[in-house]
Every structure is written in C-alpha cells, then in structure tokens.
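Peer 1: Taking the hints as your guide, dock the two standalone chains into a single complex.
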Amino acid sequence: SQTIHQWPATLVQPVGSPLSLECTVEGTSNPNLYWYRQAAGRGLQLLFYSVGIGQISSEVPQNLSASRPQDRQFILSSKKLLLSDSGFYLCAWSLYRVGNQETQYFGPGTRLLVL
Amino acid sequence: QKEVEQNSGPLSVPEGAIASLNCTYSDRGSQSFFWYRQYSGKSPELIMFIYSNGDKEDGRFTAQLNKASQYVSLLIRDSQPSDSATYLCAVKQNRDDKIIFGKGTRLHILP
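Chains as they are written, first to last, in this note's numbering: chain A, 1 to 115; chain B, 1 to 111.
So here's chain B without its partners, still in its complex pose (with noise of 0.2 Å):
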C-alpha cells in the first residue's frame, strides 16, 4: 500500500460547482495533513492544514478528516478557472515524522 494516495485525475468541474478531492494515508498514528497547491512550472503553495477530525473552513476551501478511515479531503466551493491546478496531499508520519506527498490530483475548471 502506498503511504499517500491520490487519483491522479483529471478531475473536471464546471464552473461554479463544488470540487471534491480525496487522499487516503496508510500510517495510522499520522497527526498533521496538508494541502498544496501546484500551477504548472511553479511550486507547490500550501492552501490548508488540518490536525484534528472534522471539517476546517478557509474562504472556498474546507478541508475534511476522517482520522478512522485514514482519509482527508478538500472540497472548493464555486469553482473557479484559477482554481485549475494539481493539488498535492501530504501526511506527516507518527513513525518516523516525516511528511510523505501524493502524487496528485490535476483539476481542471470547466468554463
């Protein structure tokens, strides 16, 4: 099982509509979950974290974790066409404290 996973996409939502990307880890003790945001050509920025179960809201991002079922999700309301990008999940690790990236989703907004 691989320690960070993502579909690789494309995901492809209309403008407007609610984007829903989801990542699932395999270290159980894992604490701390991110989201980035990567343009092509450019680095990955960091949209949001989240440290406990639940949903954390920012602006048109939530973030969602499900510590049980090792899964953590981010949703974007009203999508926009900036918002078409690769977003990138990363977990930090309880065994060894590192932070392991997923590949990626690669979203594309629909005009």
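The following block holds chain A by itself, in its conformation from the complex (with noise of 0.2 Å):
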C-alpha cells in the first residue's frame, strides 16, 4: 500500500529565514505531487504540482519555491520566510487514471508559525 510522509510535523520560525519541508511517497511509482497550504479559516490553497521529475508548475507567484530531486520526493523550500507564509502545509499524492479520474491523497502536514 501507498504511504505518503512530511516531516518536520510542526516549526517555528523567524521571519526571513531560510525554510525546507519533505514529503515523500511510498509504494507507488511516477505520482502526481502536489503542495497545498491551509491558512487559519481559510481552504486549500493548491501552490504548486508536479507531474515528474524536474517538472513544477507554480500556481501562486510568491517566496516560495518547490523542487522534485527523485521521483517520490517533493521539497518546498523558501529563502526567506514571511509572517504570511504561517499555516499548515500538506503535501498530497494521485495517480492518473485513463478516464479522468484522479483521486488526491494527503500526508499528515507540517504546520508552520512565523514569528
């Protein structure tokens, strides 16, 4: 069965620093990665997805940036952190399926506080 992981689970940081979160994915081969942020009352907000290895696509213009280094792992990453870059940061996995159908599963989330 497929597992997906993000560590770290939560951080604090001060504004302007340096930030990388992890997620990868288990038993399965050439997902669909996926970057979603969830501000406080707010919903998912899709940042950026990843078809394959090397391959982003960005969905909202900010200091964030994301990176794809092997097939099951995804990065998000900034040089320097925002108070608006806090809330919780889920990583999620699909699979394409011939008929369009596509069902997104989520990690467990880090949740991130910019002090």
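There could be a bad hint or two in this list.
According to the in silico footprint, chain A covers these stretches of chain B (three or more CB under 8 Å from chain A) [claimed, not checked]:
hint: 1; stretch: 43-50
hint: 2; stretch: 85-94
hint: 3; stretch: 97-110
Worth flagging that the hints you see were computed from the coordinates, not collected in a lab. The C-beta atom is built at its ideal place from N, Cα and C for all residues, glycine as well.
Peer 2: Structure below.
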C-alpha cells in the first residue's frame, strides 16, 4: 500500500529565515505530487504540482519554490519567510487514471508558524 | 462565481439523524467529485469519490451527483459524534484538469 510522509510535523521559524519542507511517497511510482497551504479558517490553496522529476508548475506567485529531485520526493522551500507564510502545509499524491479519474491522498501535514 | 462552493456552517445535527452536506461547482464539464473529512488539526482524508450521476453508497455515507444541476452532496446516516469534522468537497475540472477544493462545511453532531 502507498504511504506519504511529511516532515517536520511542526516548525516555528523567525521572519526572514529559510524553509525546507520535505514530502516522500512510498509504494507507488511516478505519482503526481502537490503542495497545498491551508491558512487558519481558509480553504486549501494549491501552491505547486509536479507530474515528474524536475517538472514543477507554480500556481501562485510568492516567495516559495518547489523541487522534485527524485520520483517520490517533493520539497517546498523558501529563502526568506514572511509572516503570511504561516499555515498548514499539506503534500498530496495522486495517480492519473484513464477517463480523467484521479484521487488525491494527503500527507499528515506540517504546521508552520512564522514569528 | 466561485469554482466550488460549500456552506461554511456550522451544521448541527442530532446524533442518529441524517447529516446532509451540499456542494455546487461552476465547471459544467467536470467529471470527478470527491468528499474529504478533516478533523481539527489533521490533514484531509478521502471519504468517497463519485464519477457518475446518481447515488453511490459506502457504509453510512452516500454521495449524490447531479451533473445537470452541477450539484454534489454527501449524506451521513446514523450520525455519530465522531463524524464531527469539516467536510471538503473537491471537483476535478474538465477545462484545466485541476482539482479544486471548497472551503468546507463544519459539521457538529450533537450527543
């Protein structure tokens, strides 16, 4: 069966510091990978998605970036955090199916607080 | 018009009753629809997906899809306090293949 891991689980960082969040998927090959942010009281905001190694699509212009150095590894980074970067960061994976059927499964998330 | 709309709630339902959660979407060509449950402080977990018009049942959960009305719903029978959570509706749009999430409906089951 497939599992998805994220770390760290929680993180408190000062404004202006760098960020690196990691997500790995086990038990599947060539998944689509996603980074979402969920701010307090708000919906899920898609930040990045990737359909393969080195292929990253950005949904929202911001000070965040993403990389996919390996098939089942997805990294979210920032050079300088802003207060507005605080939130719950979720990684998700899916497999594309013929007929446009695709289901996303979420990791446990990383709660980031920028002070 | 928002792409996926849900009533934010909270929706309060007595224990043992049927909870009805609703969702509308704007992309008429959408083909795939999902319901996720999210407990406070946790990540969303998939409850059901539905692709065809009509009803799909899984235990106490029934998803209903009406593509003509661009409407999808989730019914929870015999509601339990453990069903108290935020329920997210998600739609895979046809125009850009992206899965769009609603902001969720908070459900509170009253013991």
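Peer 1: Confirm or reject each hint.
Peer 2: Against the structure, the hints come out as follows:
| no. | hint | verdict |
| --- | --- | --- |
| 1 | 43-50 | holds (count 5) |
| 2 | 85-94 | holds (count 4) |
| 3 | 97-110 | holds (count 7) |
In summary, this structure violates none of the numbered hints.
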